[in-house]
Amino acid sequence: MANEARTISKRDVAGWLAALMRRAEVIAPVAAHGGDVAFAAISSPEQVVFDFQNSLHPPKQFVLPQTDPLVVIRRNGNGIELEPVRDAHPRVIFNLRSCDARSLAFLYRMHASDLPDGAYLARAENVTLVSLACTVPCELGFCTCCDAGPFLKEGTDVQLTDLGEHLLAEPGTDKGLAMLSEAGDLFRPARPDEERRRLELEEAAKRAFGAETCHFASAMRRVSTGRVPEELWGTMSDWCLECGGCNFVCPTCYCFSVKDMKQDGSWVRCRTWDSCQYQAFTLEASGHNPRERRADRIKRRFFHKVSAQYYLRDGTVGCVGCGRCVRVCLGTTDMPAVVEAIRKGAWNG
Amino acid sequence: MDNLFLPRLARIALVRDETPDTKTFGLRFRDPVDQRDFRFLPGQFLELSVFGFGEAPFCFASSPTRPELVEVTVRRTGQLTDALHTLGPGDEVGLRGPCGNGFDLPSAQGKDLLFIGGGIGLPPLRGLIWNVLDERERFGRVTIMYGAKTPADLVYKDELQEWAARGDVELLVTVDRSNNGWTGNVGMVPTLFDKTELRPKTTLSYVCGPPVMIKFVVQDLLMRGFADDAIISTLERMMQCGVGKCNHCAIGHRYVCRDGPVFTFRQIKELVE
Amino acid sequence: MDSVLTTCPFCACGCSLYVQASNGRPTGVAPSENHPVSRGRLCARGWNAHEAPAWGDRLTRPLVRRGGRLEPTSWENALELARASLTTLIEAGKDVGVLGSARATNEENYLAVRLARGALRTGSVDSFLRATYQPLVDGIVAVANGRAPAGTLADVEASDFILVLEGDLANTHPQAAHAVIKAVKAGARLVTVGCARTQLARLAALHLPALPGERGFLVAGLVAAAVAEPEPAGSPERPLPGFEALRGSVAALPVSEQLRQVARWLAQATRAGILVGPDGGPPERLVREGTAIATLAAVTGHLGRPGSALLPLPARGNLRGACEMGVMPHLLPGTIPLTEATAGARLARVWGRAPASALGLTAAGMPGRVAGLVVHAEDVPAVAPTGQDVLEALGQTECLVVLDAFLTPTARAAHVVLPVASFAEGEGTITSLEGRVQRVRPAARPPGEARHGWRALSELSAALGLPFPYRSANDVLREIGEVVPAYAAVADGTRDEAWGTFTSPPSDDREPTLRPLAADRVVAALPAVLALEGVFDWGSDPLVSLSPTLCRDHVSRRKLYPQGLVQMSRRDADGLGVRHGWSVRLASAHGEVALPIVLCNELEPGVLLVPYAFRERVAGVLGGRSEVPVTAEKVQ
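So the sequences go chain by chain: B, X and L.
Counted the way this note's numbering counts, the first sequence spans residues 11 to 359.
Counted the way this note's numbering counts, the second sequence spans residues -16 to 256.
Counted the way this note's numbering counts, the third sequence spans residues 85 to 720.
Hints are computed from structural coordinates only; laboratory data are not their basis.
Note that beta-carbon positions come from the ideal geometry of N, C-alpha and C, so glycine has one too.
Just so you know, nobody snuck in bad clues.
Listed below are the simulated BS3-like cross-link pairs for lysine-lysine, each with C-alpha atoms no more than 27 Å apart in a straight line: (1) X/Lys132 with L/Lys643; (2) L/Lys643 with X/Lys198; (3) B/Lys354 with L/Lys266.
Which residues of chain B face chain X? A few of them, derived with a C-beta cut under 8 Å, are: (4) Leu80; (5) Ile90; (6) Leu92; (7) Val268; (8) Phe291; (9) Ser296; (10) Asp306; (11) Ser317.
Listed next, the stretches of chain X that the computed footprint assigns to chain B, with coverage defined by at least 3 CB atoms under 8 Å from CB atoms of chain B: (12) -11 to -3; (13) 217 to 231.
Make a model of the complete structure from these sequences and hints.
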C-alpha cells in the first residue's frame, strides 16, 4: 500500500487527533513526572509527544493490562452467575514506536494461535496502531537485530514518518487505509519528493543504528542444542536480582496467573502479569519446584526468547530490540548482555 | 470468539471421603445440555473453580463410559483445596475443559495393560481403568498395582475390593508401612513386580504417582524389558490457564497442559528443561 | 486508567513508581525512568506494590468488640469507645502507650507522637523496628558530630570501594544491591562482611566471615588495622581529636593480613561506600557497632568526604522517618533529648499543650505492661522480636485500639479497630534511607468508610481532648517543619519537581570526634552459634502477605516447614550425619528444640541460622538473646 502514502501538515495533526478521539480512546505518549514519558489515554491532542525516544513502560498494557478482568462472578438468589468480560472498546495507539507495533503483532499471533484467546483478541482487534517510525536511533535499542525497526514494512495500521513540517502517513492495512480516508481533507497524497525523503530517512536511520549489536543467530544455535554450560547460567544468576522487571517491560512477554479478586460482594477472575524469573512461578502445591535455582529460571527465559524451537513456533525471536530490559534490569542480565555471554561462552559482569 | 477462561457452572452431587485428607467429588453441570454434550478422555483434566479462590487443574477420576457424573479426587494441599473440602452436595463450582491430550486408548486395543498407581496418583488411572473394564473385551490381560504410604492412605477402598473380586483383573496392593489389621503386601510399588508375570513385549504400562515413585518404577520397568513407548505416564506441573498460554507448565517448548499431561517415557526423555 | 506517581512502600531505598488504577482500584505499577534513585528499576516487591491494597482483606468500617466479637459500628461510636476506655485507664493511673510504624507516613508517625505525648500524656511511644536501626545511627552520629547518615545510593554506585555489612541486601534492599552490582561491574572493589556468603558476597573481591553479633568486633579489627598503618593514604592530615585514645583501645585486637588488606583498600579509595545492613542484638552493642563503623570511616578519611557514603539501612520503608518524627521513648521529634527546653517549649506552643517529657516504655516493653495501647499501621506479631508469642501479652491489654488498612492478627485482637487508607490510597511523605523526603500520593480512594491515617489519628487525639488544626496531610507536614529542624525546608511545594527534598542535618563543621572503641566478642570458640537470620520478615508484612504474587514463596515455606527450620552448612550437616530435611536437636544453656535442617551452602560452618519468620520456634533456646552457643545432634 506504499503508493497510498499521504501527508498531513503538523498544524493539522491536532484536528486529526480530535477526530480520532471522538470515535475511540486515543492512547499516546505523554509527558509524565520529571521528564518521564508514558503511554496514556489522552484528554486533549496537545498532550501527545512527538519528540521522544520511547516510554520505559510499553503500550502492551493497553491490550494486556497487568490486572486483566476475565470473568465477573456474582452470587444471586439462584446461586452463582458468571459474566465473561469483553472489552471491545475502540482504541487508537498513537505514536507507538516500530518495535512496539511489531511486539503487538507478535502478541496477537500468540493469542490467536492454537486455542484462540477471545478476551485478548476482542481488545486487540479493536485497536488501531498508528506507529511513528524512528529516524534517530534510541539509546539502547537494537531493533535492527530482530527485524523490528527502525521502519516497518508490516505490522502497523498506519506508519508515520516525521518529515519536519509534515508527517508522512503510510497505511499498512485496510483498517489503516480507512482511517486515513476518514480523515478527509486533512491529508493529501504524498508528493514523490516526500516519498523519496522518507526512504532517505530510513536508510539514514539504519546507518545510524550501525552494525548488529545483539547476535541472536549464534546464541540461538547454542541455546537450542543445550550447548550453554550450566556454570555460565550459574555465574550469570549471581548478577540477577529476580525483580521480574525484564518480563514486565518486555513488549513480547505475556506470562500470567489467574486468580479471583474480591469486589463488593462478588469476585472478578483476573489474569495478572507473572514473571518466569520468580521462584514461585513453577512452585507446585506439593512444594516441589522444578526451577528452584535462579540459574534454571534465567535459562528458561532465554530458551523462550531465543531458542530455535520457539523461533519455529513463533516465526521470530521473542525480542523486538526495544532495549527496555537494559534500562530496567536491577542486575545486569539484560538481553544483549546475556546473548553476548551465550555467544562467547563467558560472562563479564 | 469465546472467552477461554469462562467456566461452566456445575453442582456437587456427591462427596466421598477417601482418606483423612482426600475426597472424591461427583459433579454435574447445572445446564443439562452441558451435561449431555460433555466429552472427555481419561487422562485429560479440567480446571475446577472454587469461586473466590480461583481455579486449579484436576485429572478426571471418572470414566467417559459413565457420563452421569464427572468425578475428581482431591487432596487438601492449599487454600483452594481446603475451601473445596468444605463444600458439600448442592454447592456450586465451575468447570473448564477438558484440557490436555488424554490417554490414547485406541492404540491400546488388544494389548495387555498394566496400571501402576502410587498414593494420590491412582485417580487419573481410575478413569482409564473403568473405561477399560467397561469395554473389557477390547483388551488383553489387565493388571492393577497400587501402593500408598499406609493402609489409611489408600483411596477407592470399595473399588479396590470390587476389582479384586473380578475374575478378569489382577489387583496387587501394597503399603510402605503397615499397621494393625493389614494382612497385605508391605513394601514399595516395584516390589510387586515379582509377584506376577510381566510380559513386557505385549504390555502397555501406565504409571501415575509422586515423582520419586515414577522414577523408581520406570527404572525397574526398563530393566525388565519394557520399551520407552510402552511406558506411559502423566506429568505434574504448576499450571494456571490449562490452555497453553500462561507458560507456567512449559518444559522447553512443550506445554504439559496442551502437549500432555500424558507422555510416553520416550517423549519425557526428549523434554529439555 | 489513572496513573499516579508515588513512593514505593516497601524497603527504605526510596524508589518512585507510578501506581495505575482502574475503577478506583490499583491495577498495576509502572516505573519512573528519571527518578534519581530507581531510574526505572524496581524490585519484585515494587513491581507488585499495587496488589495488597486491591487483593487484601480490607477494613471498610470501624469495628468494636462486643461480647468477644468484632462488630461494625460508626466512627463516632468507635472513637467514643476508644476515648472512654483510654481515659478510664489513665484516670486509674494505669500505663498507656502508642506504637507507630515504619509502614506509616511521616505525618502519621508525627501524629502518633502527638497522640502519645500530647493527648495521652505518655512517653511510651515507639516502633518495634527502631531497635534494629536507631542505635546504629546513634553510634555513628556520636563520632560524626551529626553528619550522618551521609551520601546517596548514587554515590555508592560511583564508588571505587564498597564495604557491605550484610544483611542479605539482595533481598532486603534490592535497589542498594543494584548500586553495589553496578559499581562492581564498573570495576569497584567490594568487600562483604557477614556470617553467610550471600549473593553479593559471591561478587566480592573479599568476604570477611563474621559470627552473628560480631560485626562490630570485626569492624573494630579493621579500625585497629587502619590506625596501625604508619601513614595511611587518604587519612586526615592531622590526627583527629581522640586518635591516641582510640589507638590505645584497639591495640590489643588481633589484626589478620585480610583485615590489613581491607583497611588499606579503604584508605586508598577515592570514593568509598559503606552500607550497614540492619542488625539485631542489645542496643548498647549496636551503638558500639555504629561507633566502630563511623570511626573506620573517619580514620580512613571517608567520613564527610563528598562522594563517600555511610548509610545504615532501615529494615523497612519509613523507619528513618518514624524515628525522626520522634516515635521513640527517649527522644522528642527531631531526635532531640527529652530534657531540651527550647524543643519542649516549641512543641508546647504548636500543640497548645506541653509534651509529656517522661522516658517511656520501648515497643518490646509495652505488650503486657500497658493497659491501653494504640497501634497505628503495625501488625505486632509480624515485627515483635517474640513473634506470635506476643499475641498472648497483647491479649492482656484492657483497651487495644488499632488503626490499619487490613484485618491483621493485631486488629483481630483489638477492642476498637479504625479503618484507614493503605498504600496507593493515602497521602503524605516518607523518608528514605538517604534522607530523601518524598510524597506518597493516592491513586485510589480508601474503601468504604476507611479514612486517611492522618485524619483518623487526629480525630482520636481530638476525642481525647487535643483538637487539631489540619485540613490535609500537607498541613501536618507544615507543622512538622516547625518542630523538626531538619524538615524545615520540606513542606514547600518545590520538592515535587526535584523528586523529593533532602532533610538538612544540623550544619556542623566540626571534625569527627574519635572515642575509644569497646569491642564485643560475643561467643568464644564453641561447637556452633545459633542466631536468627535477619531482623525482619517480609513474608509477614501485610503488603507482602496479602499480595497473591508476592506471598507465594513465604506461604509455601510455611506450609513445607510448619515446625520451622534451621539452616546449616553442608560441612556441619556431614559432621552430624544428617541430610536435608532431617531433624537435629539444638540445645543451649536456656533450652532445646528439634528442627528440620535446610542445607545452605552460603553459611559458614559453625553458624546455624533460623529464619526470622520462625523465631518463636527457637525462643526457648535463645533465651532472649540474639545469638547463643549451642550443641547440635542428630535426632534418631
